[in-house]
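> Given next are the chains, with one letter for each unit.
Number of protein chains: 2
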Amino acid sequence: MLADTPEPPYYAVIFTSLMRDDSAGYAAMADKMLTLAQDQPGFLGVESAREEIGITVSYWADLEAIRAWKRDIDHREAQRLGRERWYAAYRTRIARVERDYGFDH
Amino acid sequence: MLADTPEPPYYAVIFTSLMRDDSAGYAAMADKMLTLAQDQPGFLGVESAREEIGITVSYWADLEAIRAWKRDIDHREAQRLGRERWYAAYRTRIARVERDYGFDH
Numbered sequence: 001m002l003a004d005t006p007e008p009p010y011y012a013v014i015f016t017s018l019m020r021d022d023s024a025g026y027a028a029m030a031d032k033m034l035t036l037a038q039d040q041p042g043f044l045g046v047e048s049a050r051e052e053i054g055i056t057v058s059y060w061a062d063l064e065a066i067r068a069w070k071r072d073i074d075h076r077e078a079q080r081l082g083r084e085r086w087y088a089a090y091r092t093r094i095a096r097v098e099r100d101y102g103f104d105h
Numbered sequence: 001m002l003a004d005t006p007e008p009p010y011y012a013v014i015f016t017s018l019m020r021d022d023s024a025g026y027a028a029m030a031d032k033m034l035t036l037a038q039d040q041p042g043f044l045g046v047e048s049a050r051e052e053i054g055i056t057v058s059y060w061a062d063l064e065a066i067r068a069w070k071r072d073i074d075h076r077e078a079q080r081l082g083r084e085r086w087y088a089a090y091r092t093r094i095a096r097v098e099r100d101y102g103f104d105h
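Order-wise, the sequence lines are chains A and B. Just so you know, we're using full-length UniProt numbering here: the first sequence kicks off at 1 and counts up by one. Just so you know, we're using full-length UniProt numbering here: the second sequence kicks off at 1 and counts up by one.
Next comes chain A alone, as it looks inside the complex:
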């Protein structure tokens, strides 16, 4: 469930959003985009949770992989619908992961 990413450095796309009240069609599109993202070159993993806000962090090998996914034709259509229908606000942050640590029982 936690993304099993390789040794840094790699990149994270931190996507946070607030939904509008009517989210018809959103869940199906989110599932489709998740499936598509996982097939992209350079995709390393994803972590997602939604309460009052939604947070999706996807991990990528390099900036070129992020750029290619942003330009993907189906993803572009999803981004357009997101702005027009589903999101009240969102923010995308592109970040270089420099260090990680953790534990597992």
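One or more of the hints may lead you astray.
[As the list claims (entries may be wrong)] Coverage of chain B stretches by chain A, computed from C-beta distances (three or more under 8 Å per stretch; other residues unrestricted):
1. 13–19
2. 30–36
3. 64–76
4. 82–96
[Said to hold, decoys possible] Here are a few chain A residues that face chain B, going by a calculated C-beta distance under 7 Å:
5. D4
6. E51
7. Y90
8. R91
9. T92
10. I94
11. V97
12. E98
13. R99
14. D100
15. G102
16. D104
[Claimed, not checked] With a cut-off of at most 20 Å between alpha-carbon atoms, the simulated SDA-like pairs for lysine to any residue come out as follows:
17. A/K70 to A/P41
18. A/K70 to B/G102
19. B/K32 to B/A68
20. A/K70 to B/R99
21. B/K70 to A/F103
22. A/K70 to A/M33
23. B/K32 to B/P9
24. B/K70 to A/D100
Hint data in this document are derived by calculation from the structure and do not stem from the laboratory. Glycine residues also receive a C-beta, built at the ideal position from the N, C-alpha and C atoms.
Chain A is fixed; fit chain B onto it per the hints.
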């Protein structure tokens, strides 16, 4: 609700976790740590959501601010309790935010 961060560069701490079944005491400690973090030098904002996994992304001016918060005595006690009592697994990723964009209706 979405963090109102300044122009990049700045830093993100991406903390993702799986809870154990018994989370007694966790919510109160999480609230306390959130309040404390917001008073730290260099703190820029935080975004948090939990479903199957928990994701908390905190934003910081620089690495020294992150190090100082990691060493904070109350925070160290919270980290210890997290490992001993609350988390089945967690991962902390330190990342440099290089670019961000978004929109607001």
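> A separate judgement is required for each hint: does it hold in the structure or not?
So, going through the hints one by one against the coordinates:
1. 13–19: With 4 residues close enough to chain A, the hint holds.
2. 30–36: With 0 residues in contact (Cβ-Cβ under 8 Å with chain A), the coverage given for the segment 30–36 of chain B is violated.
3. 64–76: Three-residue rule not met by the segment 64–76 of chain B, so violated; n is 0.
4. 82–96: holds (count 11)
5. D4: Not OK, violated: A/D4 not within 7 Å of chain B, min 9 Å.
6. E51: Holds, because the Cβ-Cβ distance from A/E51 to chain B comes to roughly 4 Å (cut-off 7 Å).
7. Y90: With Cβ-Cβ at 5 Å, under 7 Å, it holds.
8. R91: holds (4 Å)
9. T92: Because about 6 Å separates A/T92 from the closest Cβ in chain B, which is inside the 7 Å limit, the hint holds.
10. I94: holds (4 Å)
11. V97: holds (4 Å)
12. E98: Cβ of A/E98 sits 6 Å from chain B, so the hint holds.
13. R99: Holds - the Cβ of A/R99 comes within 7 Å of chain B, reaching about 4 Å at its closest.
14. D100: holds (4 Å)
15. G102: With a closest approach of 4 Å, the A/G102 hint holds.
16. D104: holds (4 Å)
17. A/K70 to A/P41: holds (12 Å)
18. A/K70 to B/G102: Given pair A/K70, B/G102 holds - Cα atoms ~14 Å apart, limit 20 Å.
19. B/K32 to B/A68: At roughly 17 Å apart (the allowed maximum being 20 Å), B/A68 and B/K32 satisfy the hint.
20. A/K70 to B/R99: holds (14 Å)
21. B/K70 to A/F103: holds (16 Å)
22. A/K70 to A/M33: Cα-Cα ~11 Å, so holds.
23. B/K32 to B/P9: With Cα atoms ~28 Å apart, B/K32 and B/P9 exceed 20 Å; violated.
24. B/K70 to A/D100: The given pair, whose Cα atoms are some 13 Å apart, holds under the 20 Å limit.
The structure does not agree with the numbered hints 2, 3, 5 and 23 stated previously, though it agrees with the rest.
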